[in-house]
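Assemble the whole structure, with the sequences as input and the hints as a guide.
Order-wise, the sequence lines are chains A and B. In case it helps, my numbering puts the first sequence at residues 140 to 508. In case it helps, my numbering puts the second sequence at residues 115 to 486.
None of these hints come from the bench; they were simulated from the model. Do not rely on the hints blindly, as some may be mistaken.
The calculated BS3-like cross-link candidates involving lysine-lysine, where the alpha carbons are at most 27 Å apart (straight line), are [stated by the list, open to error]: (1) Lys172(B) with Lys359(A); (2) Lys460(A) with Lys418(A); (3) Lys237(A) with Lys172(B); (4) Lys288(A) with Lys418(A); (5) Lys430(A) with Lys396(A); (6) Lys418(A) with Lys430(A); (7) Lys460(A) with Lys423(B); (8) Lys430(A) with Lys172(B); (9) Lys460(A) with Lys288(A); (10) Lys237(A) with Lys418(A); (11) Lys429(A) with Lys172(B); (12) Lys418(A) with Lys172(B); (13) Lys237(A) with Lys460(A); (14) Lys418(A) with Lys359(A).
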Amino acid sequence: MTDTCDVLIVGGGFFGLYLGCHLRARFDNVVVVEKGPDFMQRASYTNQARVHNGYHYPRSMLTAFRSRINYPRFLKEFPECIDDSFCKVYGVGRMLSKVSAEQFRLFMSRIEAPIEQAGSNIRRLFDPRLIEDVFLTEECAFNTVILRKLMLQRAHDAGVSCLTSTKVLTVRENGDDTILAELESAETRETIHAKYVFNCSYSAINQVLAASDLPLIPLKHELTEMALVDVPESLRRLGVTIMCGPFFSVMPFPARKAHTLSHVRYTPHMHWYDVPDYKDAYTVFEETPKKSAYPHMIRDAQRYMPALANCDYRGSLWEVKTVLPRSEVDDSRPILFRKHHGLPNHHVVMGGKIDNVYDALSEVDELLA
Amino acid sequence: MERIEALVSVVVICRNVSDVLEDCVAEICLLLESQYSNYEVLLVDDNSEDETVARAEKILSQHYCVRLIALSRQMGTEIATMAGLESAIGDFVVVMDPEFDPPDQIIRMIEMVRGGQDIVMGVIDTTRDRGPLYQKLRGLYYAVAGRMIASKLIPGSTIFSALSRAAVNAITRIRHRKRLFSLVASETGYPLVTFPYEQRDTSGGRRQRGLLRSVRFGVSTLIHNSNSPLRLVSIVGLVGSLMCTLYCVYVIVVNIFKDEVMEGWTTLSLQLNGLFFLAFLMLALVGEYMARVLDESMDRPLYHVRGEKSSSIMISNATRRNVLEESLDEHQPEAAHSRAPVKPPTMPRKKAVAPVLDAGLSLNTPEESHDQ
Numbered sequence: 140m141t142d143t144c145d146v147l148i149v150g151g152g153f154f155g156l157y158l159g160c161h162l163r164a165r166f167d168n169v170v171v172v173e174k175g176p177d178f179m180q181r182a183s184y185t186n187q188a189r190v191h192n193g194y195h196y197p198r199s200m201l202t203a204f205r206s207r208i209n210y211p212r213f214l215k216e217f218p219e220c221i222d223d224s225f226c227k228v229y230g231v232g233r234m235l236s237k238v239s240a241e242q243f244r245l246f247m248s249r250i251e252a253p254i255e256q257a258g259s260n261i262r263r264l265f266d267p268r269l270i271e272d273v274f275l276t277e278e279c280a281f282n283t284v285i286l287r288k289l290m291l292q293r294a295h296d297a298g299v300s301c302l303t304s305t306k307v308l309t310v311r312e313n314g315d316d317t318i319l320a321e322l323e324s325a326e327t328r329e330t331i332h333a334k335y336v337f338n339c340s341y342s343a344i345n346q347v348l349a350a351s352d353l354p355l356i357p358l359k360h361e362l363t364e365m366a367l368v369d370v371p372e373s374l375r376r377l378g379v380t381i382m383c384g385p386f387f388s389v390m391p392f393p394a395r396k397a398h399t400l401s402h403v404r405y406t407p408h409m410h411w412y413d414v415p416d417y418k419d420a421y422t423v424f425e426e427t428p429k430k431s432a433y434p435h436m437i438r439d440a441q442r443y444m445p446a447l448a449n450c451d452y453r454g455s456l457w458e459v460k461t462v463l464p465r466s467e468v469d470d471s472r473p474i475l476f477r478k479h480h481g482l483p484n485h486h487v488v489m490g491g492k493i494d495n496v497y498d499a500l501s502e503v504d505e506l507l508a
Numbered sequence: 115m116e117r118i119e120a121l122v123s124v125v126v127i128c129r130n131v132s133d134v135l136e137d138c139v140a141e142i143c144l145l146l147e148s149q150y151s152n153y154e155v156l157l158v159d160d161n162s163e164d165e166t167v168a169r170a171e172k173i174l175s176q177h178y179c180v181r182l183i184a185l186s187r188q189m190g191t192e193i194a195t196m197a198g199l200e201s202a203i204g205d206f207v208v209v210m211d212p213e214f215d216p217p218d219q220i221i222r223m224i225e226m227v228r229g230g231q232d233i234v235m236g237v238i239d240t241t242r243d244r245g246p247l248y249q250k251l252r253g254l255y256y257a258v259a260g261r262m263i264a265s266k267l268i269p270g271s272t273i274f275s276a277l278s279r280a281a282v283n284a285i286t287r288i289r290h291r292k293r294l295f296s297l298v299a300s301e302t303g304y305p306l307v308t309f310p311y312e313q314r315d316t317s318g319g320r321r322q323r324g325l326l327r328s329v330r331f332g333v334s335t336l337i338h339n340s341n342s343p344l345r346l347v348s349i350v351g352l353v354g355s356l357m358c359t360l361y362c363v364y365v366i367v368v369n370i371f372k373d374e375v376m377e378g379w380t381t382l383s384l385q386l387n388g389l390f391f392l393a394f395l396m397l398a399l400v401g402e403y404m405a406r407v408l409d410e411s412m413d414r415p416l417y418h419v420r421g422e423k424s425s426s427i428m429i430s431n432a433t434r435r436n437v438l439e440e441s442l443d444e445h446q447p448e449a450a451h452s453r454a455p456v457k458p459p460t461m462p463r464k465k466a467v468a469p470v471l472d473a474g475l476s477l478n479t480p481e482e483s484h485d486q
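If you want it as structure tokens, here you go:
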């Protein structure tokens with residue numbers, strides 16, 4: 140391996156790989172470093188697998204609108220991993236919901252997201268005392284396993300150097316306009332000079348920053364649990380989301396041929412902040428005992444949709460979810476892009492959703508232009 | 115110890131209980147943790163004016179599985195209980211007041227529900243707590259109100275109770291505005307047992323109701339749960355109109371048989387009594403209609419189903435086969451068949467297609483039934 144490169148990308152998740160492939164068009168030598176044994180195994184695999192089309196963010200016009208813009212682009216770029224064979228249903232809760240049904244419908248028409256009232260065959264699945272209205276929408280899921288294959292193929296074709304089981308320990312200024320990064324794998328420890336470093340390691344962003352004595356970015360982490368369930372036949376071709384409060388989602392998870400059940404109240408088990416007391420997110424993840432909240436999730440969900448009582452529980456997917464503390468108010472999912480963070484040409488990119496990657500690209504292009 | 119596989123919800127109704135809340139929740143959590151695989155504690159804050167919400171938020175950061183539901187304004191214990199029940203997700207739900215009800219009894223109550231009682235209603239001994247006058251009045255009230263209210267009035271009942279999921283679902287379907295928890299619970303008709311217990315007053319007598327408030331509460335409960343008082347008005351109205359009629363007759367009789375009747379007395383009396391007769395009659399009628407309207411406007415479900423059971427053997431004769439030896443039924447005259455071919459009798463077809471339908475009626479094998 141050369142000990143110099145143009146671009147060093149920390150983190151081999153979807154964002155890291157995508158950015159690597161994108162920058163390869165501009166630079167000859169792009170290296171993506173993943174500390175885990177394989178690419179796209181963490182949050183890029185364990186997520187709701189939803190390609191957002193705006194419906195999920197009825198309280199943040201910007202996030203909803205950007206999702207609308209990016210939705211067709213993602214579908215066009217990765218058609219092989221898209222599953223749109225199911226009916227996407229959004230219900231609006233009566234109690235505790237932060238939007239009303241009419242508000243939801245209006246908002247979606249305003250961002251020109253297709254929306255219509257669901258027919259009686261779908262409405263009757265819901266308890267009308269708890270659900271104000273039910274809408275049919277246009278959204279789909281993606282297969283995280285196929286997406287990973289596509290990305291690896293693309294990185295290979297583009298000639299991006301990909302390293303697994305390798306950890307970026309520190310980054311520091313070298314004096315000659317390059318950044319000196321210290322890499323550690325099972326056998327060796329080496330240094331590499333890079334012109335640009337992009338930190339795309341999501342929940343582990345502050346790990347490198349802390350080790351390099353760079354200012355930490357205030358991030359909030361949640362230990363989340365999604366239940367993997369086999370839903371009864373009548374719900375198999377449905378993806379259901381109840382807006383907008385302590386409710387639940389039942390989404391198809393094509394990678395496992397099952398559905399995921401997530402619940403706003405029970406999916407996050409605990410949360411912590413990186414600032415002021417930094418602790419490595421995956422250490423916290425490993426150390427925390429995990430007791431499934433599935434009994435809570437399913438009991439609450441079946442109040443709204445009685446048919447869910449016949450779900451078969453297959454297990455839980457646990458993951459660290461990282462959000463910007465400021466998103467808590469309006470539940471938006473902006474991308475965090477910190478240019479020249481602590482060092483010149485050291486950039487930090489954190490995106491909350493896979494399909495929002497395009498917003499980050501334009502920023503990166505602008506920066507390098 | 116093996117924990118019981120169930121999700122238990124404990125609804126704690128909070129109104130200015132900042133002093134006792136933390137200890138109470140800690141005790142509940144400890145108990146539930148040791149007994150059940152899953153649990154939740156629901157704090158329903160009835161718009162407390164003291165530190166209760168701040169304390170509750172502190173509790174949220176210390177204990178697992180605690181939720182806080184804050185009501186927007188003071189709704190009263192009964193409505194707060196309803197809010198808690200509607201939000202609870204447990205298979206078994208306990209309602210309690212942190213100032214009075216002992217958490218260490220929760221497990222016993224839940225076990226009674228698990229044993230098949232849908233509603234376990236906590237009752238306290240009320241024979242010693244007040245002065246003799248209060249006791250007398252209360253006894254009288256229960257005697258009268260007990261007859262007037264259709265549902266069972268349980269003396270000494272508190273909100274401390276344990277409910278099955280089925281009972282919770284039934285109770286939350288009843289949406290009276292003024293509700294008395296024990297009355298609503300017994301109105302559902304689910305199996306109800308009382309559970310005598312000792313309250314531990316940690317409020318320092320702050321919440322004891324005075325005589326005047328008790329009377330007001332009693333009258334309000336009676337009026338909201340019974341239309342007997344209205345019925346009484348109707349009856350009085352009828353009696354009044356009857357009296358008026360009798361008086362009219364008296365006036366006429368006097369006018370006929372007596373000579374020195376003051377001029378104008380007869381007409382005035384008749385006019386007055388005629389009008390009173392009408393007024394009383396209308397009152398009686400209006401009272402009756404109001405009682406009906408009240409009944410309808412209560413918006414209670416027509417009925418609650420306690421459960422459904424069906425026979426354990428669906429097909430009584432498993433050896434029966436869906437094979438017939440004859441193409442025609444023996445009751446069916448062949449001639450009739452040939453005369454009206456457009457309208458084949460339905461019976462034999464039905465028998466051939468779905469023998470299960472009438473299988474329950476006969477224990478005979480198909481061969482035997484054909485031989486008959």
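Verification of the hints:
no.	hint	result
1	Lys172(B) with Lys359(A)	holds, 20 Å
2	Lys460(A) with Lys418(A)	holds, 15 Å
3	Lys237(A) with Lys172(B)	holds, 24 Å
4	Lys288(A) with Lys418(A)	violated, 32 Å
5	Lys430(A) with Lys396(A)	holds, 24 Å
6	Lys418(A) with Lys430(A)	holds, 22 Å
7	Lys460(A) with Lys423(B)	violated, 47 Å
8	Lys430(A) with Lys172(B)	holds, 22 Å
9	Lys460(A) with Lys288(A)	holds, 23 Å
10	Lys237(A) with Lys418(A)	violated, 33 Å
11	Lys429(A) with Lys172(B)	holds, 23 Å
12	Lys418(A) with Lys172(B)	holds, 23 Å
13	Lys237(A) with Lys460(A)	holds, 22 Å
14	Lys418(A) with Lys359(A)	holds, 12 Å
Taken one by one, the earlier hints fail for this structure at numbers 4, 7, 10, listed in ascending order.
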